[in-house]
Structure formats: C-alpha cells, structure tokens
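2 protein chains.
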Amino acid sequence: MSRTIEVCLTPALLHLYDIEKSIVVVIDILRATSSITYGIDNGAEAIIPVAQVEDCLAYADKGYLLAAERNGEVVAGYDFGNSPFSYTAAKVAGKTIVLTTTNGTKAMHLAHARAHQVVVGSFLNLTALTTWLKAQDKDVLLLCAGWKDKFNLEDTLFAGAVVNKLRQDFVHFDDACVVAEDMYLMAKDDLRTYLHKSSHSHRLAQLNIEDDVQFCLKLDICQAIPVLIGEKLVKLDH
Amino acid sequence: MSRTIEVCLTPALLHLYDIEKSIVVVIDILRATSSITYGIDNGAEAIIPVAQVEDCLAYADKGYLLAAERNGEVVAGYDFGNSPFSYTAAKVAGKTIVLTTTNGTKAMHLAHARAHQVVVGSFLNLTALTTWLKAQDKDVLLLCAGWKDKFNLEDTLFAGAVVNKLRQDFVHFDDACVVAEDMYLMAKDDLRTYLHKSSHSHRLAQLNIEDDVQFCLKLDICQAIPVLIGEKLVKLDH
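Line by line, the protein sequences give chains A and B.
Each residue of the first sequence is one higher than the one before, counting from 311 in the working numbering.
Each residue of the second sequence is one higher than the one before, counting from 311 in the working numbering.
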C-alpha cells in the first residue's frame, strides 16, 4: 500500500481531509493528551473527555472521578485538575475519569465522527505510538488540537516528532509534515527552551504549571496508546 | 501603539482573526501575488483578480487583457497566462489585466470583506512592503493563500521573511509567526532548494514552470505595493 501521512494543524481544517479510512492521532500536548496517556498507562479503566466543566455533571452520580480546572485551580467539588501528576496509578488505577478539555475534546469528537480509528498521542508514548502506526496498513492523520482553532507550537512539534519517526514508511506527505518535522529537528535537543518562543509561554507561566510542562515533554515513559471507543478512551491492545 | 503581527496559514482560518482595523497582506507566491506585484510595478493600470476562467468573460468587451491558464497552458482566446514573464512593461504598461487565480482571489475577497486595507506581498517587493508596513500605525495579518485551503510551504516562507523584517517593531505575535520565521531563517540561503521538499514540487515540475519559480523567489526587484480598491489592485502611493 502506498501510504499517506499528513498533519492537520488545527481542528478548523479537519474537513479538508479524507479520514474515513485513516487512523487519526489527536495531539493536545499541554496537557490533555499527555495526562490521558499517563492515566491510561497507569491503569485507568477509561477516560471520558468532555468540553465544558458543566458537562462533567452528567457523570456525577456514576462513581467516576471528575477532573476540571479553571484558571489553573481545581474547580470546587471536583476530584482533581488537568495536571498529569493527578493521573498516577495510586489515584486512577481501575477508575473512570471524566476530563474537561476544550481543544482536545473538540478535536477528538470531530475526528471520531468520520475516522476509521482515533488514538491519542503525546511525547510520553511517542515510540509505542509510532511503532504501532508503522505496523498498521493505514493512512495516518496527525490532528493538532491547537488553541481555540488556531495553530500552536507544542502540538505541531509533537506532530513533527511522529513524522520524523515514520517518514521512511510512508510514500506521500504534505507540506505541514515538512514544516513540523523541520521544527522538531530544530527544537528536539531542548524542547522546553523552544517552547519559550511561543506566544502563550507567558500565559503558561501565569498558570504556574511549569512542572506539568516539563513532564509533558518527557519521552517514552509510557507504553499505552489510548484509543477512543464510543465516548471513552481506553487502552489499545497492541 | 502596542502592535500585533500574526500569520494566518490558510484562508480557511481567516474567520478566527479580528482584521477590521488591520492591514492584511495577501500572499500567493506561486504565482499570483508575484505576477501581480511585477505587473503593477511595470505600470499596469490595474489588475482584477477573479477565481474562475469563466469569470474573465464578464470583462471581455471592456478592452482589458485577459490572463488564464489551465494545466500550465494559456487558455485559447486569452492574451496570456499566469507567468510573471507575461507582466513585463512592454505587455502591461497602462493596461488593465483580468487575472485568474483560485487561491489568491479567494484570500483577497475574504480579506477585503472585513479588513481595514488589503495589500499584496511577494519576495519581489519584500523590502518596499515591510518598510511601508513599519511606518503604518496598524496591526498586520499575513494571509497565506495556501493550496485549496491547506497549508503550503512557499506562502509560509514568505510570511516568515516579513516577520523577520518586522519583528522588532511589533509587540505581540502568534505561534505561526514563530514557525514561519524559523522556517525562513532555515531556508533563506537557498529558498529554491527548500521548496523542493514541498509535497507539490512534483506538481510544479510537471507544469514546467521552473523559470517562473526561480523568478518568484527573486528579492526586491520591485518597489510597487499593489493595494485592493474595490475589485481592482492598483499601485499604492507610498
């Protein structure tokens, strides 16, 4: 098969891509898909991504853990926020978590409506993910969740890392792959410093999540690949 | 004034930007905005961008020159195609030209509907354009025409060249500025070679327009800045 890999830089461009037979990798590095990867790897039974804090309420009486933040603080009455440090085995093993994430949820729902399969990527599971993608006989779309439908640096950097690992196994690629890979090659020796160039590095600093950012850039500490089945992200058998 | 510069990577994202008080620079390097810049610089009275070859027909009895191509060939009955070499002073001085360009026209019309002012940029007028932009007290949006609403390499490279010239004069910028500028800095010593990495370099080769591509990457051979007034691109007084 003459396989294609492409990068969709924001969910607002997803309608331009034929994904009916493709695997879509949703990327929301700070912090949704990193926390999801870590949580599933640590034995969470399932993670349900929702767009708004209010959407969590529908799950309030099901015994699920509820995760929601506003302005970097855990919302009163919720179990924890969006930091990957909340997703340790001690906290999530065997549990189902409802996670509030605006950009990531939008990307997952849009992709799920049309794609052959939707999985979740992050630096934490880069090698596990790319090894699995290589072995599938499918086209791949790397979908950056972005920020309010706009392009962002960290999601595109990760897309570039995936392209860099897969390029030899795919025949066709698009211009966004070229740029994402070149960005990644430029930045890979010090991803954190490169992200300081971002227009929202100031916003991140205000959220006081520097430890989270550092953690979300760790390579290959997880083997799990979360896959979206219905409304739930669960561990892919691979 | 605390000025903002942003890069909109494709017209499909333009709705995300507030441009009511901004100058929008439309970028369609291969070849629309390069040919337009060269034609206006060579004394064309006006250039009217239209989206379809058929749209030219509405202007057939006005004594305008009609420019249209299909698959790299001048359409039968038309005066010339989209090559910048058709826009020499001998051919266009004092004339009005109707130019068919799908991606460029779409970008210009979308921007024109909302922006404070719409101008045209290309490597041919980079310094004239950026010198003028510096002197305006306005925010700037660099609008890449892209390819069928998708991201492309050459338009983003040029956006990066503009960012590189203007960065010191603007306070706010977005992540697309960061990436466009870094791409440009990586590629600037040999833009042509970098563009060979493009997914459509094969398509360009088939069109047999290598001379056009080389020409469209020439720096600063024009002083003119085309500005959109109504449906016509004319020479900006600067």
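Rather than coming from a laboratory, the hints here were simulated on the basis of the structure.
Just so we're clear, the structure is a prediction, and the values are computed from it rather than from any experiment.
A few of these clues could be false.
Dumping the calculated BS3-like pairs for lysine-lysine here, alpha-carbon to alpha-carbon at most 30 Å [stated by the list, open to error]:
| id | chain 1 | residue 1 | chain 2 | residue 2 |
| --- | --- | --- | --- | --- |
| 1 | B | Lys460 | A | Lys444 |
| 2 | B | Lys372 | A | Lys460 |
| 3 | B | Lys475 | B | Lys448 |
| 4 | B | Lys507 | A | Lys331 |
| 5 | B | Lys458 | A | Lys458 |
| 6 | A | Lys458 | B | Lys475 |
| 7 | A | Lys458 | B | Lys448 |
| 8 | A | Lys545 | A | Lys475 |
| 9 | A | Lys444 | B | Lys507 |
| 10 | B | Lys507 | A | Lys475 |
| 11 | A | Lys401 | A | Lys545 |
| 12 | B | Lys401 | A | Lys460 |
| 13 | A | Lys498 | B | Lys498 |
| 14 | A | Lys475 | B | Lys458 |
| 15 | B | Lys460 | A | Lys331 |
| 16 | A | Lys460 | B | Lys331 |
| 17 | A | Lys460 | B | Lys458 |
| 18 | A | Lys331 | B | Lys372 |
| 19 | A | Lys458 | B | Lys331 |
| 20 | B | Lys498 | A | Lys444 |
| 21 | B | Lys372 | A | Lys458 |
| 22 | A | Lys448 | B | Lys458 |
| 23 | B | Lys372 | B | Lys444 |
| 24 | A | Lys507 | A | Lys528 |
| 25 | B | Lys542 | A | Lys458 |
| 26 | A | Lys460 | B | Lys405 |
| 27 | B | Lys498 | A | Lys460 |
| 28 | B | Lys401 | A | Lys507 |
| 29 | A | Lys460 | A | Lys444 |
| 30 | A | Lys498 | B | Lys542 |
| 31 | B | Lys542 | A | Lys475 |
| 32 | B | Lys444 | A | Lys507 |
| 33 | B | Lys444 | A | Lys475 |
**OP:** Identify every previously stated hint that the structure contradicts and give their numbers, smallest first.
**Re:** Hints 2, 12, 18, 20, 21, 23, 25, 26, 28, 30, 31, 33 are the ones this structure does not satisfy, whereas the remaining hints hold.
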